[in-house]
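Participant: Residue numbers (the working numbering), protein chains in the order written: chain Y, 1 to 229; chain X, 1 to 105; chain W, 1 to 551.
Derived by calculation from the structure, the hints in this document are not laboratory data. Heads up, some of the hints might be wrong.
What the hints assert, rightly or not - Taking beta-carbon pairs under 7 Å as the criterion, some of the chain Y residues facing chain X (in silico):
1. L37
2. W40
3. V41
4. A44
5. V58
6. A59
7. I88
8. S91
9. L92
10. A95
11. Q133
12. I215
13. F216
14. P219
Claimed, not checked - What the simulated footprint calls covered on chain Y by chain W, stretch by stretch (three residues with Cβ under 8 Å from a Cβ of chain W suffice, anywhere in the stretch; the number is not a length):
15. 60 to 72
16. 146 to 158
Backbone N, C-alpha and C fix where the C-beta goes; we use that ideal spot for every residue, glycine too.
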Amino acid sequence: MSNISQATAVSIREAVDKHSLHGHFADLEQQREAAKLGMWVFLATEVMFFGGMITGYVAYRDAYPAAFQAGSVHMLFVAGTLNTALLITASLFVALAVHAAREGRRKALIGCLAISMFLGVCFLGVKGYEYYQHYLDHKVPTRSFQWDGPDPRHAEMFFVLYFFLTGFHALHMVIGISILGFIIYFAYKGRYTPEYHNPVENAALYWHFVDIVWIFLYPMLYLVGHTHV
Amino acid sequence: MFKSDMTEKVAPKKMYILIWAALMCLTALTGGISFINLGSWSTVVAFLIATAKAGLVVTFFMHLRYERQRTIWIWAAASAIWLTLLIVLTMGDYLTRGFLRVPGK
Amino acid sequence: MATSPQLESSSSTDYLNAEYGVKSWLLTTDHKRIAILYLASITFMFCIGALFALIIRLELLTPDGTLVEADTYNKMFTMHGLVMIFFFLIPSIPAVLGNFLIPLMIGAKDVAFPKLNLLSWYIYLFAACMFIYTILTGGLDTGWTFYTPLSTSYVSSSVVLGALSIFVVGFSSILTSLNFIVTIHRLRAPGLTWGRLPLFIWASYATSVIIVLGTPLIAISMALVALERFFGIGFFDPQLGGDPLLFQHLFWFYSHPAVYVMILPGMGVISEIITCFSRKKVFGYWSMALAILAIAVFGFLVWAHHMFVAGISVYSALVFSFLSYLVAVPSAIKVFNWTATMYRGSLYLTTPMLYALGFIGLFTMGGMTGLFLASLGFDVHVTDSYFVVAHFHYIMVGGMVTAFMGGIHFYWPKISGRMYPETWGRVAAAIIFIGFNLTFFPQFILGYLGMNRRYWHYLPQFQVLNVLSTAGASILGIGYLLPLGYFAWSIRYGRRVGNNPWNAAGLEWTTSSPPPTHNFGETPIVTWEAYNYDELPKDIDMRREETVVQH
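For reference, chain Y alone in the conformation it holds in the complex:
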């Protein structure tokens, strides 16, 4: 007793032949839903991973508010704000890329992803510039850390958090950019159709998550000290 109609059976066979449907799934729909659920579950693990460091930030900022404000003053506000804008725009283009994939517009898909990749690389470039400036300014937390105000040790803790949080975030950016690169390659090879483009959807979910992390890091790190006396 089969609950699959003749027409669907044919399209399933086609999908299997085109290597897009894996044998243990009943149909493309089930595969798509499974893949998407899998990515959301994975993002939950990422939320908790960053959450550990964010907990540390909350605890230490509550303990040393003045030092954290003073530390935040040394952040490059323009760079941070520019980076926020870059990431939000990159997310826009990733969303547009998924939209193009759903409609089968391959050139638009590749174009949008390429723009996102480029913006992501720009983000990393700005970040690298910031790190270099902090290095020149002796704000990297090691023996060469120098601080002119009161509370140098607690201010150094601010920078520990800054480098760890943005460092892990940058690592995830690198992973995200690489994934987008792979997606562009496979899109170029014609692997994605309106019926099957799970990797595009799920790569987009990952990218948006990395954007969300930055949406929180920006006020946490860059906006704390502006009214600091």
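Mind docking chains X and W on chain Y? Use the hints.
Facilitator: Just chains X and W now, kept in the frame of chain Y:
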């Protein structure tokens, strides 16, 4: 088992641009407000704006609004709830230290 | 339902003989083969962990014994804990029985992401190699808990490598759990609603949720320790205003739920065994399922009970103490329901049933002593003593390992197509029970009398109990060696079985033993409730060769 049903709502391109514009405005807002002295409200305001931005990304860019799998809604909510649990219960320790005026408690 | 033949001949293709050769095993995506790969690896790691335990118990035979130096002793208990927890217990039932059974129990052909499943095993293997290398290059002596600033600033052992190996093995867990969650949500056979699922599936699901939400915290804890040690960047360094307790909060936020990871799958297995050998459906199916979920959720709310004397605030301690009492309630409900399941059932005291009965008693003892520890006043007295050691061994060994042994015996005919020798099985179960209690019951007394844990020397008045404990450990060791022997024997000489030698309920018993690679000829369509023992034969006769077709 699922019926083969490919009618997932495809949002119009314009919506994405609108959301992008909203996100940029909120970024400008949070950046600007940070220069105004709101005392201890600064943190609250910044957090609320960031949450609003994240909410827009999750709802529209990540398509949670149109998501048919209820399980995914639950997982998205669970992530937020669990992170809150971690921070709140940990800070419950930090914020109540020293209440008893006994060293170490 | 599929019309499987009455008798399954051993010459038909099953997952074991579908393909031969090392490559067909090392590159398999069949969840059943991956389960066997895990079984082999965790057994190996168990032996390593047991060796460390042996040295601990030998050292503790005498109060001033010098079998090993103090620093070496620190390494022994540290690595015993790390290996047993991360490389044996946490993978045990999920990676072996979960991998093997979940698709079978839900009528699926495989897990949702078979290649990811194989990758999980390779990540486990890589982490295990990293840890073995850590052992060989000096080991770890911080205690399995890696407390800072001891681990970050004061010891000179291989902390970075050890911490990173735990980081890596965490990913193996996470990916397996992710796979299980998606599999259970999306790949269930038609008609298999949540309310018809075996409790093993509920337990596996809850365990996977805990792993997904908790393991990232051990990952970040280990990463931060490694970074602090490697780069000298003090996240937990008190000199920078860092708080060692922050490490403990992050560490225990995972490590407490981890203990529920190390009991829930066992509880799932016990539900399967008790229903089968009482020939009755489980008492209170929905309260059992909801209790599983409650344990998973509450388990996240109690972690600071490991920190009562570490310096957390009194108010925080009160809150966590109260929550720790709450978490015992769903566990108790399960014990009551298992008992009620057996009431007026037709009990068969087979080897798996003996393990299940042992589990109920030993888990109850371990669980109740957990309540003692949740009480602040009592905890201050016995924290960091052998009372705690006995408590967690009663749950992890008396509970989880016992359930694992019961599950391996129960499912061995399905996994291998052969029956183990029943008499030897019962003998080994009895030896294990006696050896276990002799090892760990004296430790409750020792802890109450004031013997510290993690000390290589102790006061002379504690010697008698320590000697009893070591004697018990040797008996326990023999008990664990016996199954290794007779399972190996059974692969070649064990009696062949058909689909359902136990006349048990569940989709996994409707397919051949061993199952074919794709599990089911046709996708089953489920119209019956779980544990439908009223529709199955009343008796089991282990001497019979034939199978019974379920529907």
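Participant: Work down the list of hints and note, for each, if the structure agrees.
Facilitator: For each hint, the structure was consulted:
| no. | hint | verdict |
| --- | --- | --- |
| 1 | L37 | 6 Å, holds |
| 2 | W40 | 5 Å, holds |
| 3 | V41 | 6 Å, holds |
| 4 | A44 | 4 Å, holds |
| 5 | V58 | 6 Å, holds |
| 6 | A59 | 5 Å, holds |
| 7 | I88 | 5 Å, holds |
| 8 | S91 | 6 Å, holds |
| 9 | L92 | 4 Å, holds |
| 10 | A95 | 5 Å, holds |
| 11 | Q133 | 19 Å, violated |
| 12 | I215 | 5 Å, holds |
| 13 | F216 | 5 Å, holds |
| 14 | P219 | 4 Å, holds |
| 15 | 60 to 72 | holds (count 4) |
| 16 | 146 to 158 | holds (count 4) |
Going through the hint list in order, the structure does not satisfy hint 11, though it satisfies all others.
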